[in-house]
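Undergrad: Residue numbers (my numbering), protein chains in the order written: chain A, 87 to 553; chain B, 110 to 557.
Treat the hints as calculated values from the structure; they're not laboratory data.
Only a predicted model underlies this, so the values are computations on that prediction, with no experimental measurement involved.
Note that CB positions come from ideal geometry on N, CA and C, so glycine has one too.
Where hints are given, some of them may not hold.
[Said to hold, decoys possible] Pairwise CB distance ranges (calculated):
id, chain 1, residue 1, chain 2, residue 2, range
1, A, Val-193, B, Ala-212, 53 to 63 Å
2, B, Gly-179, A, Arg-357, 50 to 60 Å
3, A, His-457, B, Ala-312, 44 to 54 Å
4, B, Asp-146, A, Ala-108, 18 to 28 Å
5, A, Val-193, B, Ala-215, 49 to 59 Å
[Stated by the list, open to error] A few chain A residues that face chain B, going by a derived Cβ cut-off under 10 Å, partial list only:
id, residue
6, Pro-315
7, Arg-491
8, Asp-528
9, Val-548
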Amino acid sequence: MTETSHVLDDALVAEVLSVALASGAGFAEIYAERRRSRAVGLDDGRVEDVVSGLDLGAGVRVVDGLRTGYAYTNVLSRESLLDAARAAAAAVQGSARVRVADLTEVVAPVRHPVERDPLAADGPALAALCRRAEDAARSEDAAIVQVAVRYADIVQGVFLANSEGHRSTEERVRTRLVTQAVAARDGEIQTAHEAPGGAVGHELFDAHPPESIGSRAARRAVTLLDADPAPVGELPVVLAPGSGGVLFHEACGHGMEADLVAKEASVYAGRRGERIGTEAVSVVDDASLVGHWGSYGLDDEGQPAQRTVLFDAGVCTDYLSDRVRAAQLGVPRSGNGRRQSYAHLPIPRMTNTFIVPGGEDPEAVVAGVEHGLYCDALGGGQVNPATGEFVFGVDLAHVIEGGERTRAVRGANLVGDGPTVLASVGAVASDFDVRQGICGKDGQGVPAGLGNPTLLLERITVGGTGA
Amino acid sequence: MSELTDVLDRVLTQALPGEALEVYGVDRAETTVRAQDGDVESLSRSRSRGVGIRVLADGAFGYAHTSDLGEEALAATLAAARRNAAAADPDEANVLPDAADAAPLAGLLDPTAAEVGVDERVALALELEAAVRAAGPPAKGVDAAIVGDGIGEEAIATTSGIRDRVERSEAYALVEALCEAESGATSALGVRFTRSPRTLDVAGAAAEAVERAARLLGGRKPPSGALTVVLDPQVTAELLGVLTGALNAEAVQRGRSLFAGRVGERLAPAHVTLVDDGRHPEGPSSAPRDGEGVPTGRTVLLEGGVLAGFLHDSRSAAREGTASTGNAVRRGHQGPPSVGPSNGYLEPGTASPEALLAEAGEAFYCQQVMGLHSGADPASGQISVGASGLMVRDGALAEPVREATIAGTIPDLLAGIVAVGRDLRFVPVAGGMGGQTLLVDGLTLSGS
Numbered sequence: 087m088t089e090t091s092h093v094l095d096d097a098l099v100a101e102v103l104s105v106a107l108a109s110g111a112g113f114a115e116i117y118a119e120r121r122r123s124r125a126v127g128l129d130d131g132r133v134e135d136v137v138s139g140l141d142l143g144a145g146v147r148v149v150d151g152l153r154t155g156y157a158y159t160n161v162l163s164r165e166s167l168l169d170a171a172r173a174a175a176a177a178v179q180g181s182a183r184v185r186v187a188d189l190t191e192v193v194a195p196v197r198h199p200v201e202r203d204p205l206a207a208d209g210p211a212l213a214a215l216c217r218r219a220e221d222a223a224r225s226e227d228a229a230i231v232q233v234a235v236r237y238a239d240i241v242q243g244v245f246l247a248n249s250e251g252h253r254s255t256e257e258r259v260r261t262r263l264v265t266q267a268v269a270a271r272d273g274e275i276q277t278a279h280e281a282p283g284g285a286v287g288h289e290l291f292d293a294h295p296p297e298s299i300g301s302r303a304a305r306r307a308v309t310l311l312d313a314d315p316a317p318v319g320e321l322p323v324v325l326a327p328g329s330g331g332v333l334f335h336e337a338c339g340h341g342m343e344a345d346l347v348a349k350e351a352s353v354y355a356g357r358r359g360e361r362i363g364t365e366a367v368s369v370v371d372d373a374s375l376v377g378h379w380g381s382y383g384l385d386d387e388g389q390p391a392q393r394t395v396l397f398d399a400g401v402c403t404d405y406l407s408d409r410v411r412a413a414q415l416g417v418p419r420s421g422n423g424r425r426q427s428y429a430h431l432p433i434p435r436m437t438n439t440f441i442v443p444g445g446e447d448p449e450a451v452v453a454g455v456e457h458g459l460y461c462d463a464l465g466g467g468q469v470n471p472a473t474g475e476f477v478f479g480v481d482l483a484h485v486i487e488g489g490e491r492t493r494a495v496r497g498a499n500l501v502g503d504g505p506t507v508l509a510s511v512g513a514v515a516s517d518f519d520v521r522q523g524i525c526g527k528d529g530q531g532v533p534a535g536l537g538n539p540t541l542l543l544e545r546i547t548v549g550g551t552g553a
Numbered sequence: 110m111s112e113l114t115d116v117l118d119r120v121l122t123q124a125l126p127g128e129a130l131e132v133y134g135v136d137r138a139e140t141t142v143r144a145q146d147g148d149v150e151s152l153s154r155s156r157s158r159g160v161g162i163r164v165l166a167d168g169a170f171g172y173a174h175t176s177d178l179g180e181e182a183l184a185a186t187l188a189a190a191r192r193n194a195a196a197a198d199p200d201e202a203n204v205l206p207d208a209a210d211a212a213p214l215a216g217l218l219d220p221t222a223a224e225v226g227v228d229e230r231v232a233l234a235l236e237l238e239a240a241v242r243a244a245g246p247p248a249k250g251v252d253a254a255i256v257g258d259g260i261g262e263e264a265i266a267t268t269s270g271i272r273d274r275v276e277r278s279e280a281y282a283l284v285e286a287l288c289e290a291e292s293g294a295t296s297a298l299g300v301r302f303t304r305s306p307r308t309l310d311v312a313g314a315a316a317e318a319v320e321r322a323a324r325l326l327g328g329r330k331p332p333s334g335a336l337t338v339v340l341d342p343q344v345t346a347e348l349l350g351v352l353t354g355a356l357n358a359e360a361v362q363r364g365r366s367l368f369a370g371r372v373g374e375r376l377a378p379a380h381v382t383l384v385d386d387g388r389h390p391e392g393p394s395s396a397p398r399d400g401e402g403v404p405t406g407r408t409v410l411l412e413g414g415v416l417a418g419f420l421h422d423s424r425s426a427a428r429e430g431t432a433s434t435g436n437a438v439r440r441g442h443q444g445p446p447s448v449g450p451s452n453g454y455l456e457p458g459t460a461s462p463e464a465l466l467a468e469a470g471e472a473f474y475c476q477q478v479m480g481l482h483s484g485a486d487p488a489s490g491q492i493s494v495g496a497s498g499l500m501v502r503d504g505a506l507a508e509p510v511r512e513a514t515i516a517g518t519i520p521d522l523l524a525g526i527v528a529v530g531r532d533l534r535f536v537p538v539a540g541g542m543g544g545q546t547l548l549v550d551g552l553t554l555s556g557s
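Looking at chain A on its own, in the form it has when it is part of the complex (with noise of 0.2 Å):
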């Protein structure tokens, strides 16, 4: 390739960073980014936006104690560099006199091999994986009558140096396959998505085929159409496995950020150690699971990928945190800097947040349960970090009765807040699945895995349209 490279040679690194240094900050570094991107869209049946990219920049960060100085450019030249180092500079006013130590490589102690390298598929063989999943959605079911995939991957290298003489590279390949199918019977619309995807290449497709993608799709919008308004009010509710995860990680999850319990803008500061659910709930984020979807070796500070148990058996226990706020916080870094691009600053985040499997039945679960909901998959949802309080949208459900599950339901959502919750998990089952979104924070958009078993949450609130 002729293309520029991301990759700094150290004595320019050393010069931009001693630059970086000269207001008095105690850290300086370097991040730069290389990502190619390549998406397909196929809708109506035709394959209609076939797009690829490059992006190329820098950031230079200074940090001193609390304040931070970032400036970033997507011209590598030494010159631009140098000004942005000058500008991050002129953010901080410190008194340290820190000298750039000698740079040495840092290697991840977890790598994300890809075994079928997604770049070998030309743009022909992509759109030829769009239209397995556009036929098999289409031939599910005659009530059928639109569907759009769209394929994406990217390869995004990253180079890290910093003042304290970290030097790393990485290259973080993800792959991803989402299929929308559009249902209709008599005026009625309902829709409904698939969307798996890995830090992996094309071997995503031998565990999700894109006919399995697509005939799934189809079948719950298909569902949806013969779905009865949910019912309303406080109920027993058991959230399939994979479909929870996104619950937990919003009710539970962002609290347990370290800029927000920093700030006491979680309802969680303060709170470690305290019993806050039940013992049966567990809560881990692990950034090193191999080839999951939010996972990576190094996160976008430098610091190895690790496993943070965030609730221990119900206990309020570690928190995830960035440099910045583990310094403030007085506690380790738990390796969960992360940023969307070099365009960003690095915030606490989490990467794949999962509930701990149990040792109870699947079935048993349901079977406990006398008048209940069981919620086949959760759309998105929105949390206020500061009380903890959530709404989630049910995108299928069905009502339990005397522990069966019986007729399909849409249209509800769930309602309440994260104590309340982890506070009402019972049984947990044995099984596990997970799905995979963009969290968004502070406007940065990170990928996030999700994660849970089959569990019961034994009261919460059920909006919706029904009685």
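With chain A held as given, fit chain B onto it using these hints.
TA: Frame of chain A; chain B shown alone:
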């Protein structure tokens, strides 16, 4: 012209016979200051540039983009766009719009934006954060206090003869205030949007956030039932974002809108007129041309309550033999344009917010909604979102309410609009949508 238009022109000269090209570029400088506890938490500065190339060959579009504007990278990007077009399917509706005159639009660039120094921006962010703490209990601080601004240019050039360049500036103040009492904590947003940091009312944003957070303290779940709902302007704007998603011709043509085939039908009372205006003087999304260079304009979507039409770009318009409404939207240079709203709003009525509360008598005042992106579906028309706000009793705001749900459908919401307030305001957090106080019947509120 500028460095950016030079780059665009150079790419355009490489068009091959039988191929149409569109080249779009942005060059922008941004500054963002976050304040916390009386100090700067972060100060971020940037200059970023990028170019996107769209090729139309043999009836198929291909797109490629780059942030590297060197000759080699641009050549590689053009080659990639051609390869991408070869992998896409042809469509008779794929066209690049012809050149047409667009009236200039004043006010997009405030010249004072370029004069504002870093110290002045820092002072504004500190003032924003300090104003929340200075309000005193129950206000205890901020979750975020941000002053940000951007200044730059966008340009487009096509082989069909379009050449345009727009300079614009934006500035915003955004603060999330935290309030605390024995009953618990609450938070609420205060936002201001202008064209220069110098005209930002940071004290107003802080006061708005504190007032809105404080009045939610001690909220309880409401009783369930069908109730008159008064929507806050911010909520109205967010719901209009969902509604305009269903009034998008692309969604209609692809069977993803509940409004397909319903032009001419009455959907709302006669006092409801919904407009998309790409040239509104206060609209955050205003521009003389849209994302593919078509002059922007004013499109009436609901005329006196009757569905009048849909938003189009050139491709969706070509499918129906109609004209683009100038609603091709771009999110930067990293993707092709697609159909979307510019500044959407309901024509303001005559009633003040106070008069609407008085008219409501007993109602729920919905100050904020949660979960809108998953809880409101432009295809099925279902709405089911979390809400917090205050009860309205005897025509005035009364006790706070939390963890409520508002449910209904988009047709219920439209048909149930009893009155439209006069307090139209554009809220940058809701795209380009504007909102005002709205009095609505026919939604279900549920809580305990």
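Undergrad: Compare the structure with each hint and give your call.
TA: Now for the hints, and whether the structure bears them out:
no. : hint                              : in the structure
1   : Val-193/A x Ala-212/B: 53 to 63 Å : holds, 60 Å
2   : Gly-179/B x Arg-357/A: 50 to 60 Å : holds, 53 Å
3   : His-457/A x Ala-312/B: 44 to 54 Å : holds, 53 Å
4   : Asp-146/B x Ala-108/A: 18 to 28 Å : holds, 26 Å
5   : Val-193/A x Ala-215/B: 49 to 59 Å : holds, 57 Å
6   : Pro-315                           : holds, 9 Å
7   : Arg-491                           : violated, 22 Å
8   : Asp-528                           : holds, 7 Å
9   : Val-548                           : holds, 9 Å
When held up to the earlier numbered hints, the structure conflicts with hint 7 and nothing else.
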